[in-house]
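Go by the hints and put chain C onto chain Y.
Protein sequence lines, in the order shown, are assigned to chains Y and C. In terms of numbering that gives the first Met the number 0, the first sequence opens at residue 0 and continues consecutively. In terms of numbering that gives the first Met the number 0, the second sequence opens at residue 0 and continues consecutively.
By construction, these hints were calculated from the structure, which means they are not laboratory data. Just so it is clear, the structure is predicted and the values come from calculations on it, not from any experiment. There may be inaccurate statements among the hints.
Now the stretches of chain Y that chain C is said to cover, found in silico as 3 or more residues with beta-carbon under 8 Å [as the list claims (entries may be wrong)]:
#1 214-223
#2 284-290
#3 301-307
All residues carry an ideal CB built from backbone N, CA and C; glycine is no exception.
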Amino acid sequence: MDKKIKLAIGLGSTCAGCDIAILDLKEKILDLASLAEIVFWPTAMDFKLSDLERIGKNEIDISLYHGTVRTSEHEHIAHLLRERSKVMIAFGSCSCFGGIPGLCNLTSREEIFETAYKETPSTVNPEFITPQTETTQDGHHLTLPELYNDGKALPQIVDVDYYLPGCPPAVELIERLLPIITKFLETGELPPKGTVIASDKTLCDECPLTKENKMISKIFRPHEIIPDPKRCLLEQGILCMGPATRGGCGARCINALMPCRGCMGPTAEVKDQGAKMISAIASILGVENEKDLSEDEVEKLLNQIKDPVGTFYRFTLPVALINRRIKEGG
Amino acid sequence: MDGFEPKIIGFCCNWCAYAGADLAGISRIQYPPNLRMIRVMCSGTIDPLYILEAFQKGADGVFIGGCHLGDCHYMAGNYKTRRKVSLVKRLLSQLGVSPQRIRLEWVSAAEGQRFAQVVTDFIGEVKELGPSLLNQEAARHG
Numbered sequence: 000m001d002k003k004i005k006l007a008i009g010l011g012s013t014c015a016g017c018d019i020a021i022l023d024l025k026e027k028i029l030d031l032a033s034l035a036e037i038v039f040w041p042t043a044m045d046f047k048l049s050d051l052e053r054i055g056k057n058e059i060d061i062s063l064y065h066g067t068v069r070t071s072e073h074e075h076i077a078h079l080l081r082e083r084s085k086v087m088i089a090f091g092s093c094s095c096f097g098g099i100p101g102l103c104n105l106t107s108r109e110e111i112f113e114t115a116y117k118e119t120p121s122t123v124n125p126e127f128i129t130p131q132t133e134t135t136q137d138g139h140h141l142t143l144p145e146l147y148n149d150g151k152a153l154p155q156i157v158d159v160d161y162y163l164p165g166c167p168p169a170v171e172l173i174e175r176l177l178p179i180i181t182k183f184l185e186t187g188e189l190p191p192k193g194t195v196i197a198s199d200k201t202l203c204d205e206c207p208l209t210k211e212n213k214m215i216s217k218i219f220r221p222h223e224i225i226p227d228p229k230r231c232l233l234e235q236g237i238l239c240m241g242p243a244t245r246g247g248c249g250a251r252c253i254n255a256l257m258p259c260r261g262c263m264g265p266t267a268e269v270k271d272q273g274a275k276m277i278s279a280i281a282s283i284l285g286v287e288n289e290k291d292l293s294e295d296e297v298e299k300l301l302n303q304i305k306d307p308v309g310t311f312y313r314f315t316l317p318v319a320l321i322n323r324r325i326k327e328g329g
Numbered sequence: 000m001d002g003f004e005p006k007i008i009g010f011c012c013n014w015c016a017y018a019g020a021d022l023a024g025i026s027r028i029q030y031p032p033n034l035r036m037i038r039v040m041c042s043g044t045i046d047p048l049y050i051l052e053a054f055q056k057g058a059d060g061v062f063i064g065g066c067h068l069g070d071c072h073y074m075a076g077n078y079k080t081r082r083k084v085s086l087v088k089r090l091l092s093q094l095g096v097s098p099q100r101i102r103l104e105w106v107s108a109a110e111g112q113r114f115a116q117v118v119t120d121f122i123g124e125v126k127e128l129g130p131s132l133l134n135q136e137a138a139r140h141g
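Same shape as in the complex, but just chain Y:
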């Protein structure tokens, strides 16, 4: 094929696991290389921001953006890519829902600076000097991107055409992009806007484990129990986000007997992943003898869930209904 599409891969606050996931296509990466001319991918090749700035409007066919939008630079890259791309895909959980870096919404920029530049035992900073967006030193004008108070998902910043969730996206799902690109190249046709490249059902639908009787009375953290490899992890008392999480990942964590952490985000019908999971847990935890339990005993039961936000919104806090911590009553 002579004609190639122009592909750009931009990034926000990311661990670059998404880049590795693309490389995990292994020999199929050659298919990608024959389909696409890569015009921007700073993690893998020597590209600078100016290379992206030089590209004209709508000149990029498809762009992927991974990572949370955390700084002014991330936002700048997101806007640049959007302006220059015909199709923009939110790639990975951070970009789709805010992801792990999105848990920064549990704290604030002020508190982060306080911890990182003052309180840590290895820090000596009596003047409490913190990063500034600009400074002049010996006649040199220096700038830094601004760290935002909130972490944001890509669709909260720019218009996004497609979503490819996962932390990182499963290779099988990335492979699904290739025929989409081929078709786009040959016919110019694209899937409907807003398509999520994953399953439409929950993870439980594709989970290989057997579900028998969903009632639990004790919660185990993964290191506290050796689970039965055939039985539903939630039924064994391990908090598994499967019931509130979109499938399509191939149940890779479950196959390693680790509970789902919810990286695929909620299904299309669900507005708030955490609320759905709370509902599910409340329906199965302490059901058996619910009529004999006193208020205190119920509280004790629920005390086993140590970190509700981190458990139920591990990847989706920035897109949750209540998406950051507020400070009430000090």
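Chain C only, in chain Y's frame:
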């Protein structure tokens, strides 16, 4: 705070708490008008989402009324409510919202007086707490 009238969303089950509110009404028992009540078939149908959405849209408090434990019209709906509400309170307190802004009460259809009393009490408590910061946050972001 002077002159602050909290906006409180109430979810009341059809069989007990809502009937209790009705009784309070026909008995002409007075209570402050801050409660905007929504009737649901069972307190167990209240999705945690409803509570979160109420706060997100600017409620200062959420009141949940169900049948007394053991009296649920659907056998065990209110046991679910008990666990759900407790989990939502934990979640909200981690997000900096005072759990006192949620009140779960069991009110039977015969307890009109009690309904008025717990609602009055809760409204007083939310008044003490002041306006929800989420409300101000929502206003700031348009």
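Verification of the supplied hints:
no.	hint	verdict
1	214-223	violated (count 0)
2	284-290	holds (count 5)
3	301-307	holds (count 4)
Violated hint for the displayed structure: number 1, the only one.
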